[in-house]
Amino acid sequence: MSLFCEKLCSVLLLEHFGPIVQSVGDDLFKHGAKSLGFIRATTGLPLPKVKEALCVLLQYGFAIHRQTEKGIQYHFLPDKVITILRYPRYMFFAKKFCGDEAEMMLEEVLKRGYETASQIIIKTFHRLEQHRSEHQSSLSMLKDKFELLVKNQFLTRSICTETMDEGPAEKIECNVPDLNMQAMAQIMQGNTDDPGDNKIYWRVNLDRFEQDLRDQIMVSAITKRVDENAGELMRQLLFLMYLRTASWADTSNPIPYSEIKEAVRKINYPLLVQYLDQYLRLLEEDSSQFLKRVGDSGGGQFSINTKEAFSQLAWTTVENIVMERFGSKAARIFRLVRSRKYVEQEQIQQLAMIPAKEAKHLTYTLLQENYLQMQELKKAGASAAPTKTFFLFYIDLNQVVRMEIEHCYHALYNTIQRREQESASNKRMIDKQLRIQTLTSNLKEHGATEEQLAEIVEMMTPSEKLQLEKVQNTIKKLGGSELQIDETLFLLTMYLHYH
Amino acid sequence: MAGRGRGRGKASMSINVEQLGFSKGEALPPPVLQPPPKYPPLDYKPISFTLTNETNYLLELKRDFAEFTRESSYNVQPIVIKKDIERYSDKYQDMITDKTSYEAHYDWTRMPAELKPAIKKRKVDNIKKVVKKKKDIDIETKLKELETKEDTQQSDTEEDGKEEGKNEEKEVDEHVEDEEEEADEEMDDGTDYYNNYFDNGEGYDDEDDNLDDGPIY
Chain A
1 MSLFCEKLCS VLLLEHFGPI VQSVGDDLFK HGAKSLGFIR ATTGLPLPKV
51 KEALCVLLQY GFAIHRQTEK GIQYHFLPDK VITILRYPRY MFFAKKFCGD
101 EAEMMLEEVL KRGYETASQI IIKTFHRLEQ HRSEHQSSLS MLKDKFELLV
151 KNQFLTRSIC TETMDEGPAE KIECNVPDLN MQAMAQIMQG NTDDPGDNKI
201 YWRVNLDRFE QDLRDQIMVS AITKRVDENA GELMRQLLFL MYLRTASWAD
251 TSNPIPYSEI KEAVRKINYP LLVQYLDQYL RLLEEDSSQF LKRVGDSGGG
301 QFSINTKEAF SQLAWTTVEN IVMERFGSKA ARIFRLVRSR KYVEQEQIQQ
351 LAMIPAKEAK HLTYTLLQEN YLQMQELKKA GASAAPTKTF FLFYIDLNQV
401 VRMEIEHCYH ALYNTIQRRE QESASNKRMI DKQLRIQTLT SNLKEHGATE
451 EQLAEIVEMM TPSEKLQLEK VQNTIKKLGG SELQIDETLF LLTMYLHYH
Chain B
1 MAGRGRGRGK ASMSINVEQL GFSKGEALPP PVLQPPPKYP PLDYKPISFT
51 LTNETNYLLE LKRDFAEFTR ESSYNVQPIV IKKDIERYSD KYQDMITDKT
101 SYEAHYDWTR MPAELKPAIK KRKVDNIKKV VKKKKDIDIE TKLKELETKE
151 DTQQSDTEED GKEEGKNEEK EVDEHVEDEE EEADEEMDDG TDYYNNYFDN
201 GEGYDDEDDN LDDGPIY
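From first to last, the protein sequence lines are chains A and B. Just so we're aligned, residue 1 is where the first sequence starts under our numbering, counting upward by one. Just so we're aligned, residue 1 is where the second sequence starts under our numbering, counting upward by one.
Hints listed in this document are in silico derivations from the structure and should not be mistaken for laboratory results. From the three backbone atoms N, C-alpha and C, an ideal C-beta is built for every residue, glycine too. Since no wrong hints were added, every one of them can be taken at face value.
DSS-like, lysine-lysine: derived pairs with alpha carbons at most 30 Å apart:
id, chain 1, residue 1, chain 2, residue 2
1, A, LYS111, A, LYS49
2, A, LYS465, A, LYS444
3, A, LYS224, A, LYS261
4, A, LYS341, A, LYS329
5, A, LYS123, A, LYS111
6, A, LYS151, A, LYS80
7, A, LYS357, B, LYS45
8, B, LYS38, A, LYS476
9, B, LYS45, A, LYS224
10, B, LYS38, A, LYS360
11, A, LYS470, B, LYS38
12, B, LYS38, A, LYS427
13, A, LYS7, A, LYS427
14, B, LYS38, A, LYS357
15, A, LYS7, B, LYS45
16, A, LYS224, A, LYS341
17, A, LYS470, B, LYS45
18, B, LYS116, A, LYS123
19, A, LYS151, A, LYS95
20, A, LYS477, A, LYS111
21, B, LYS45, A, LYS329
22, A, LYS329, B, LYS38
Chain A regions said to be covered by chain B (calculated; three or more residues, Cβ under 8 Å):
id, stretch
23, 13–21
24, 102–111
25, 324–331
26, 473–481
To give an idea of the chain A side of the interface with chain B (calculated C-beta under 10 Å), a few residues:
id, residue
27, LYS49
28, VAL50
29, LEU54
30, VAL56
31, GLN67
Starting from the given sequences, assemble the full structure and let the hints guide the process.
Quick look at the structure:
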């Protein structure tokens, strides 16, 4: 793992869990698996704090422990730490898919690493009560939502090594019903009660969310390339793919035409039903290669080629990066090298129709930045003189993608650093604004007059207000770019996952 | 003779300059002697983006999550070793911060047992208190011992006895101090540091003069 991956993990842990967890995480990252005593020795922290920090890491699934003959070893999982950046996306997805309550439940689980069903439901209920009193939601409704989440595999059982359990599906059926009454009583009186699902924990199924984000990328790519209807067709195809194929397979098993037609008829897309054949042909003949026709029986057999799709998406992403960093002429050269596989300098400037000097300059810049690679070809028996050798330029996509992932880590790290710095240097003002907010809300409750409220608002001078607005905008923008960088990072990691 | 051919070429470059895109007469760029700038100017600025409602909502979720974890017990607080002074607000600060051990937050059937906090704290405190009490007793008994010693010393030494008699009404502590002072004096008497062996050379010249008065024949 790389330097910036480490730095990013470190800064994320610091942002969320404070410096002690950060230093324990750093230590585990640097040295791989380690036992408690060693961690303590290398970090130099007091033992109880090391223990506490390890508990936090284990709780959130950022580290795992394994029993070995040398005692318990702790492993750090950097990928899981980086997924913190993706949590909001997951929550938003759950919101779209299962509604607001489901989103809140998911949030509760994410905030605690893992949790029992009863606790999740009770906490969500409390939060709903606080947020809006007019819309009463019952416990049983929340229970249904919970079951929906489980059914959609957004939540899975969190099983530790000691207790091996049977499938989760029957488990909820038997534990949720007898939870209902007692849990109600618990909420009303604050009594401690046994809701009947002690030690049955649930955690967020990150794998499932990754698949969903992957599908989302594919659907939106098709939507952008063709139109809404085609995007919807892609979505239906992906649903059909889940029925017959393992979720992370390179290509789906063939889907017969009749089933696609059946699925499309169920949804409300009249144009898609009418022009289904044309749309299928469009996708199939498109250069992006998302869909492949694998047979002609029964009106045609189609297979989704996820692997190819992501290599296409990665190419496009990298091309765009080159375009934005070095300009359109460099992007033209990059595309040219891509289409020609191996190409000589002479050919580049001829085919790209760029003046020789500029073409050379751009090519060498790309070479220097590692977007292009160079292969030397020598004639057998010839001298080592450079005139006698061919220099062929080519692109190693895997290498470029890895480099870009590195850049993403770097950019994320810088953005987070910058954001922290912005908020730290303007801490006084932000705190002041918070104080004013709490004051006004307090006074409003006590029935203060308009004048009093206006007086409090005036505690901020106009220049301070201006400055604050500026800072808040900057912080927001930085946060937004974090999300966008993460999107790119996700796409690129998906590519690596398949290749 | 062998080296003669070397100097003859048109250029000392080992590669053909034209290959790099320079025409024959063109001057090569001067060598770069400075390190590249720390913040090189950007040729292409990144495109700015606008925050949509969706990203705003996502940002809110993100902030909420970060705030929750930061303020929860999962944010491990460092041990505050020593406070400079006790403040009035400390009492209230303690009430706000959750002082319970992290043990309560976790299900220990799932966590390795070695991570459990050790329950030694109270014992340690007790031991410390006991030690302190013992020390107190020690001091008192020692003082008493010293007093009795002084009484015996009174009879032994006559000169000291007179002085001691005046001070007898004073506190025990002073007795100890006096004794220390006396001990210091005795130490000074006992060693030879008191005697001044040091010759500062003042008398040297006089002696010399005496010697140089004149040769005695």
